[in-house]
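Q: Single-letter residue listing:
Protein chains: 2
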Amino acid sequence: MRDSIYLDRLNRCTQLMQKTEFDVLLLTKPSNMFYLTGDGRLCAYAMITKQGQVALGVPTTDVDDVTALAHFDHIISFEDEVGMIHAIADHFKRFGIQKGTVGLEFTFLTQSMMKMVTHPHAKPEKVEIGDCTPILSGLRLVKDSEELDLLRESAKIADIGMEAAVKAVKLDLTESQIAAAAEYAMRHAGAEGFWRTYVSSGPRTNIAHGLPTNRSVQKGDLVTIDIHPIVNGYSSDICRTVCVGDPSTEQENAYQDYLQAQQATIAEIKAGVDIAALEKTFHDQLKAAGHGAHIFGPPIHGVGIDFEEAPLPPGHAFFHGEKEAPPLPQNVVIAVGNCGVYLGVWGVRVEDTNIIQKERPETLTHYPRQLLS
Amino acid sequence: MRDSIYLDRLNRCTQLMQKTEFDVLLLTKPSNMFYLTGDGRLCAYAMITKQGQVALGVPTTDVDDVTALAHFDHIISFEDEVGMIHAIADHFKRFGIQKGTVGLEFTFLTQSMMKMVTHPHAKPEKVEIGDCTPILSGLRLVKDSEELDLLRESAKIADIGMEAAVKAVKLDLTESQIAAAAEYAMRHAGAEGFWRTYVSSGPRTNIAHGLPTNRSVQKGDLVTIDIHPIVNGYSSDICRTVCVGDPSTEQENAYQDYLQAQQATIAEIKAGVDIAALEKTFHDQLKAAGHGAHIFGPPIHGVGIDFEEAPLPPGHAFFHGEKEAPPLPQNVVIAVGNCGVYLGVWGVRVEDTNIIQKERPETLTHYPRQLLS
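Chain order of the listed sequences is A and B.
Each residue of the first sequence is one higher than the one before, counting from 1 in my numbering.
Each residue of the second sequence is one higher than the one before, counting from 1 in my numbering.
Don't take each hint at face value.
Claimed, not checked - Distance windows between CB atoms, simulated: (1) B/P314 x A/S4: 44 to 50 Å; (2) B/D284 x A/L42: 24 to 30 Å; (3) A/N214 x B/Q51: 34 to 40 Å; (4) A/P124 x B/D284: 35 to 41 Å; (5) A/G100 x B/G344: 37 to 43 Å; (6) A/G344 x B/L148: 48 to 54 Å; (7) A/P329 x B/L42: 26 to 32 Å; (8) A/E163 x B/Q51: 49 to 55 Å; (9) B/G344 x A/P314: 46 to 52 Å; (10) B/K219 x A/H209: 42 to 48 Å.
Hint data in this document are derived by calculation from the structure and do not stem from the laboratory.
Quick caveat, the model's predicted, so the values are computed rather than measured.
Glycine is no exception: its CB is placed at the ideal position from the N, C-alpha and C atoms.
Sequences are here, hints too, so could you generate the full structure?
A: See below:
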């Protein structure tokens, strides 16, 4: 992307930092680094000062690659963990930061990673630490026009992956083999990667995170397929349910109930809407259809560089270290249909990625929404 | 697996706990839960008492699935994060634990997850926390015969994936499309999943973590392929380097230097060997061949349920929250060739998974080791 995009993002970042206690951010989460610098990878860090300066620390092996990809002011390479610790110390020194507060990503750092980036040989003793998750989530909430184009492209590839998976479904194929069809098609269509593929069948459609197994699909099974390509760094999220053979009346009815709740919720998406209100619409519809006892998990989340990111519904946000989301402005991107209804013996689910617009949303994922069979 | 396996593992776990300050463990890392109970999944926990009792907390949607798969004494289901917190509190109460120390996985828990499992409504106030990573890594270090069979099966599928990827390499195919071939083949051969696939080409073979991109391979490129199937819960690790067309003399020489260092290191694997000694052999060989300045990263790590697990070389172990490994007994499984030599313009790498035996190791991954072209 253009360098001016990163300058603009850094400018907005420093403006947000002015309102907080943070004198500097020390980022290690690839998606946050990618957003602010154009490159994000594991075993690396980005330090962002209140003046918008960017210092990177990367493995020696990666210096040329990062230099070609990232916007930054200074880069240090390191050979190992000790080197990384010293690089962090050098960057604190270079920016003259010996007290104040450094923002760290509490939603990403494990205890052991935290110990490393705050090691006495890395962080100056008098520098306090705090959680900068809300700053980064706030920055990334509203997508700019380049990002929206990338998200549209990602969603196209999600549709391609879904078509391949749905066409692959047949008797005796395993859940894992159905996942293979989606993943293969997405990579061949231009995805450089994907987040975890979920494919569950039969009784396994009732579980919350149905990772593929070697269970073979059987006649009468529902099969839930949930995929998330990564295309030029941007993700999308689509889920569909397929029936192997003709669905029972109960399956068809539950599916229609779910689809109607999902579509009613999408119909309410417009600039200024509250994520909690959307969640309420979704749940109220399902309750009205008799599924009050079949609901599990938050039905909506943000989509961007990460396939699940802020905004999250309030309760979920709190426990995942995110702040409560503001009324959602135009150009926030959300997936609706994140969790299904679960009838104990099976569950159903439909999910689509949407851009919030002034009036009606732009739904990015288009693959047919009937109960496929 | 047989119930007696979990009873045995729990018995060994409680024996290790006796030697520590821990009165109870509260596990959320899927691989650790899987090892001790037969089931591991996200958004769930396993509490293990000093007496070997197992209490599980799982989403309501997952109760039947977990009940069929896991060994446990008590299970609570929950609807959301608040429910999970209350379930943890209930289990502390059920086991009469209101003081003492609970072991948590510091190498897995983010700050926000930590906040949740130690929430005042979850953990009794007087219960202290500590890091139980070394207990779990210690337990999982030596593989039993059932695990060794599963690792052999996983390695077979790694070979199948590698063959598919190598055969797929051709001019103008992207790194991502090469990854697709490996992943598709592994899922079709019986893998229920895989860890991140690394495929890098040309100058990108020089970077430490070469995730696939949409770069097309060009004549004269080296292509590094690193794959890790998950088969019945067990992983394996294989890496090979392919040349598109005929390799240059420099490429061929660097490759042979690397392969010789890797094979010399594998030849030294036997019960009682020190992981640091193996690392030294590897590095000394590379230095002797003139690659002292081309080394990056630790060349050896354990393989099991996780594709990268303890034992780790000392420095790496420390910063990743693991204890220094003891001399390695028989039936520890290690991958040798985790990092390559990096000549700036390209790098080369070969990696294989091995079972430590009394004398010579059993190498599980067999795909041909010449520089393929």
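Q: Give a verdict on every hint.
A: Results for each hint:
Here the CB-CB span from B/P314 to A/S4 is close to 46 Å, well matched to the stated 44 to 50 Å. At roughly 28 Å, the beta-carbon separation of B/D284 and A/L42 lies within the given 24 to 30 Å, and the hint holds. Roughly 35 Å separates the CB atoms of A/N214 and B/Q51, a value that falls within the hinted 34 to 40 Å. The hinted range of 35 to 41 Å is satisfied by A/P124 and B/D284, whose Cβ atoms lie roughly 37 Å apart.
Remark: the range hint 37 to 43 Å for A/G100 to B/G344 is upheld by a beta-carbon distance near 38 Å. The hinted range of 48 to 54 Å is not satisfied by A/G344 and B/L148, whose Cβ atoms lie roughly 38 Å apart. Here the CB-CB span from A/P329 to B/L42 is close to 31 Å, well matched to the stated 26 to 32 Å. Look at A/E163 against B/Q51: about 53 Å separates their beta carbons, and that is inside 49 to 55 Å.
At roughly 50 Å, the beta carbons of B/G344 and A/P314 sit within the given window of 46 to 52 Å. Distance hint for B/K219 and A/H209: a CB-CB separation of about 43 Å, consistent with the stated range 42 to 48 Å.
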